Amino acid sequence: MRTLKTSEAAAFLNVSANTLRSWERRFGYPRPMRSPGQHRLYTYGDITALRDALLAGLSISSAIGVAQEGLRSGMNALLGALAAFDAPAADEVMESTLALRSVERSVEDVLLPAMDQISERHGADSAPAAFAARWAGDWLRRALRLAYAPEQKASIVIGDASRDEFDPDAVYIRALELVCERSGPGPLCLPVRGIGSMTQAISATSPSAIVIAGRHASDDQVARWAYTVRSAAGPLPVALFRRRPDSERLHPTGARVLSQSPLAAQQQLIETIAAERPSGQAARARAAPRRRLAPVRRAAV
Amino acid sequence: MRPYEPANREPVVGAAPRALRLIQPSEPALLKQFCGHCARSPEIEPGREPASRVCAHCGLGLMLEASTDVAPTPEDPFIVIDQAMSLSAVSRKAEKFLGVREPAAVGRHLKEFLVPADTDIPAAQSFFALVMLAAAGGSEPRTVAVRPADLFGVRYWARVATCGPSNAALLLLVTMD
Chain L
1 MRTLKTSEAA AFLNVSANTL RSWERRFGYP RPMRSPGQHR LYTYGDITAL RDALLAGLSI
61 SSAIGVAQEG LRSGMNALLG ALAAFDAPAA DEVMESTLAL RSVERSVEDV LLPAMDQISE
121 RHGADSAPAA FAARWAGDWL RRALRLAYAP EQKASIVIGD ASRDEFDPDA VYIRALELVC
181 ERSGPGPLCL PVRGIGSMTQ AISATSPSAI VIAGRHASDD QVARWAYTVR SAAGPLPVAL
241 FRRRPDSERL HPTGARVLSQ SPLAAQQQLI ETIAAERPSG QAARARAAPR RRLAPVRRAA
301 V
Chain Z
302 MRPYEPANRE PVVGAAPRAL RLIQPSEPAL LKQFCGHCAR SPEIEPGREP ASRVCAHCGL
362 GLMLEASTDV APTPEDPFIV IDQAMSLSAV SRKAEKFLGV REPAAVGRHL KEFLVPADTD
422 IPAAQSFFAL VMLAAAGGSE PRTVAVRPAD LFGVRYWARV ATCGPSNAAL LLLVTMD
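Residue numbers (the numbering used here), protein chains in the order written: chain L, 1 to 301; chain Z, 302 to 478.
Just so you know, these hints were derived from the structure itself, not from any lab. Keep in mind the model is a prediction, meaning the values are calculated, not measured. The beta carbon of each residue, even a glycine, is placed where N, CA and C say it ideally should be. Any given hint might turn out to be false.
[Unchecked claim] Pulled a few chain Z residues facing chain L out of the computed Cβ check, cut under 10 Å:
| no. | residue |
| --- | --- |
| 1 | Arg354 |
| 2 | Gly362 |
| 3 | Phe398 |
| 4 | Leu399 |
| 5 | Pro466 |
[What the hints assert, rightly or not] Covered stretches of chain L, as calculated for chain Z (at least 3 residues, CB under 8 Å):
| no. | stretch |
| --- | --- |
| 6 | 6 to 19 |
| 7 | 124 to 137 |
| 8 | 159 to 165 |
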């Protein structure tokens, strides 16, 4: 997949780089990926679609609407393939999507909206939703295996609190794992049900943050898991992904509630780790000799 | 080639000399370019095409064309309606005028924002028919009274004309002072 730097994309559209950035702020489009150095990288397909739409459009907003309509057509094709229980056709849709967009954008703009739509139309416990969840889980695991993981300075532990692979949250958790695997922080995804030998897992990865993802597991179960992780790793920042963001019990903990979008959540995690790094390291250095930590409050998560 | 010379005729004795009337050849209306968001005109050298359709001043609007007598100035609030009667552009002034931001308004039907101020049915039909005709590219500029869809007692003059490309209706809003 071809990507363009900001200056290249701006030259392609015959506008200034500032104009392109102002469109991103005002209209949320075109949405760039980030390079390892946090520079914007625009998808070639997005830019060409926008250029064509601008030629015939009456305003930037309407042109962006037309360009985004093209994105939605991929989502509709995937929805049709999944509703027809046609896994090869669904694979083909994703392949054609990958020709135009990055893996992250394909997941966020096509796969996840299609999963949401299928749950909404048929119900989360329906046969189409179960088929779609299994297919999406397989696809994301395949992408995860093939993901090129650059050298990552930070890592995170994701506590998977979803029910099983048919849980709608499970697909989002796999998507967050994939996004983090590809551009950091390196994830280690563990179910919150298992807390045995956690010290080994933590010492192998030295995580910089804990993410608790999914709504199924009880608060007690999650608190026990988080306590085990923090006992092994020190006082790490905790973030919540798709875990009852409206719950009042979250407020006293200071845990950051991440965006529902895996890409946005990944950015927030990078910010959290960057903000936490100096003070967090100092705190861990202070806490290390004592080997005892204050217990995590039950109401924490 | 020799120019055409009428044959010499004998002048009629006693008849008054006939006055010649100057006939202006019909000219197409002059078009003016303006930004669909800030309404400023592009600063380009005469005879050269602008490099981009995107406004170089604000970067948030596309260059549109309208007849010089109806083209808006940066002080005029205006909206652009496409042939499906949906809002396609909302100028910066119109955003304040209508209390809505362009990204939220684009794609919504005109009647969600403006309705004819006269409540009788023929007037309503004529307003929307006029907009539709202008959006199709075939009407003279006309002025009608409109009001915000959710507000009574506030009336504007809406000057309806054609703009483009592609063909669309331009609604220039003027307060009734």
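We went through each hint and held it up to the structure:
1. Arg354: It holds, given that the least Cβ distance between Arg354 of chain Z and chain L is near 6 Å, below 10 Å.
2. Gly362: Hint on Gly362 of chain Z: holds, closest Cβ of chain L at ~6 Å, below 10 Å.
3. Phe398: violated (16 Å)
4. Leu399: violated (14 Å)
5. Pro466: Holds - the Cβ of Pro466 of chain Z comes within 10 Å of chain L, reaching about 8 Å at its closest.
6. 6 to 19: holds (count 6)
7. 124 to 137: Result for this restraint: violated, n = 0.
8. 159 to 165: Since three or more residues must qualify, the claim that chain Z covers the stretch 159 to 165 of chain L is violated, with 0 doing so at under 8 Å.
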